[in-house]
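Read in order, the letters of the sequence shown correspond to residues 1008 to 1379 in our numbering.
No lab work stands behind these hints: they were computed from the structure.
Idealized CB from N, CA, C, for every residue including glycine.
Misleading hints may appear alongside valid ones.
[Said to hold, decoys possible] Straight line, CA to CA, 20 angstroms or less: simulated SDA-like cross-link-like pairs of lysine to any residue: (1) 1254 / 1228; (2) 1154 / 1169; (3) 1240 / 1204.
[As the list claims (entries may be wrong)] Ranges between beta-carbon positions, derived for each pair: (4) 1160 / 1203: 39 to 45 angstroms; (5) 1065 / 1194: 53 to 59 angstroms; (6) 1290 / 1098: 32 to 38 angstroms; (7) 1117 / 1213: 26 to 32 angstroms; (8) 1290 / 1361: 27 to 33 angstroms.
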Amino acid sequence: MSTQTDYFDDPVPEGDPFANEVENQTSVTKCPACGANMVYDSERKKLYCEHCGTEKEIFADNSEEIDFENLLRADNGWGAESHVFRCENCGAREILGKNEIAKTCPFCGTSNIVEADELPGLKPNAVVPFQIGLDSAGGNVKKWAKKKWYSPRRFRKSARPEEMQGVYMPAFSFDTNTDSYYRAVLGKHYYRTKRVNGRVVSEQYTRYFTVSGSYSMFFDDVLIQASGKIDQKSLNKLQPFDTNNSKQYTYEYLSGFSASQYSKDGAACWEEAKGVIRGRLRSAILSQYTYDVVSSFDISTKCSDITYKYILLPVYVGHCNWRKKIYNFFVNGFNGKVTGKAPVSPLKVSGLVILGIGILVGLYFVYKYFFA
1008 MSTQTDYFDD PVPEGDPFAN EVENQTSVTK CPACGANMVY DSERKKLYCE
1058 HCGTEKEIFA DNSEEIDFEN LLRADNGWGA ESHVFRCENC GAREILGKNE
1108 IAKTCPFCGT SNIVEADELP GLKPNAVVPF QIGLDSAGGN VKKWAKKKWY
1158 SPRRFRKSAR PEEMQGVYMP AFSFDTNTDS YYRAVLGKHY YRTKRVNGRV
1208 VSEQYTRYFT VSGSYSMFFD DVLIQASGKI DQKSLNKLQP FDTNNSKQYT
1258 YEYLSGFSAS QYSKDGAACW EEAKGVIRGR LRSAILSQYT YDVVSSFDIS
1308 TKCSDITYKY ILLPVYVGHC NWRKKIYNFF VNGFNGKVTG KAPVSPLKVS
1358 GLVILGIGIL VGLYFVYKYF FA
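Based on the provided sequences and hints, a complete structural model is requested.
Below, the structure written as structure tokens:
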């Protein structure tokens, strides 16, 4: 069990977490029957040769949590089996196997891709393999696009799910025990009636009271994105990813896919995770009380037995170009959930506003005619 502890006010540990070397591995698996490159097939859950149809099992145990104190000694040997490509158009960085070449950028669609003279960085210790295929993901995107009624019709038709690419998104997942002391001032509304100008009116008042105590809670798999190409809000909308059943990372899962390079290290992600933990603790503690307003809330929390995974999450990435702007959409490669951004049609929004105003005006005249 980890003995690592942390507090919400602790400084972020400094140091270079990427120092060790590992044994060199190839990231391409050759077909034992015909010698062609094999790719990971999300529906078969195996390596598959598209040339002759040969299948090969991947043997990987479930991943394990790592003590947080070992983060500064994390494995930096990913460069031995992969290399980095940079999109000259949008700046995205992809990690592919040593013998694979990036053709187009999954985030903007350009073919202006160059190999970057830089190391891939921290090697993942866990991966959630793709569970659904591109066809299934594409069908979900079409359903998602049809629901964007406020978007221009041409934009909804321009979404091309067949051009999506499977990209493993890097993230850090944290487990921790927490012990907190809190103090809060809460308010409960009550009402009094009085007569004003011959009419009975109700006035709202608030009665404040103080609560305090201790609270313990375990947090499992607090997931923080580490890529600059997908924000935390989008990642939250795609969850869950079944990280509890993730597999130990092996290069075979990357066959036929790419991985987005991380832009935040584990220490920075842990700081974000503490903010998430603080918010969940606040909600859990306040749920014990009946109140209407929170005047103040103070909490002091100790995090202990902290563990983490540096994990790759399966995401299909697509894009639409609309009026010289790129809109990305994402599909969870595990459960098929879709999220993304879409442009707003000013004409449709204006029509909706006018309709709303018309309804309000109509209701006003109805009220005035029958009740005034």
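We went through each hint and held it up to the structure:
With a CA separation close to 14 angstroms, the supplied pair residue 1254 and residue 1228 stays within the 20 angstroms bound. A distance of roughly 19 angstroms separates the Cα atoms of residue 1154 and residue 1169; the hinted pair therefore holds under the 20 angstroms criterion. With a C-alpha separation of about 51 angstroms, the suggested pairing of residue 1240 with residue 1204 is violated against the 20 angstroms cut-off. The hinted window of 39 to 45 angstroms between residue 1160 and residue 1203 is violated, with their beta carbons roughly 54 angstroms apart.
About 57 angstroms separates the C-beta atoms of residue 1065 and residue 1194, a value consistent with the hinted range of 53 to 59 angstroms. Taken as a hint, the range 32 to 38 angstroms holds for the pair residue 1290 and residue 1098, whose Cβ atoms sit roughly 36 angstroms apart. In this structure, residue 1117 and residue 1213 break the distance hint of 26 to 32 angstroms, their C-beta atoms being roughly 57 angstroms apart. Checking the proposed 27 to 33 angstroms range against residue 1290 and residue 1361 shows it is violated: the Cβ atoms sit about 39 angstroms from each other.
Comparing the model with each numbered hint stated earlier shows that hints 3, 4, 7 and 8 do not hold.
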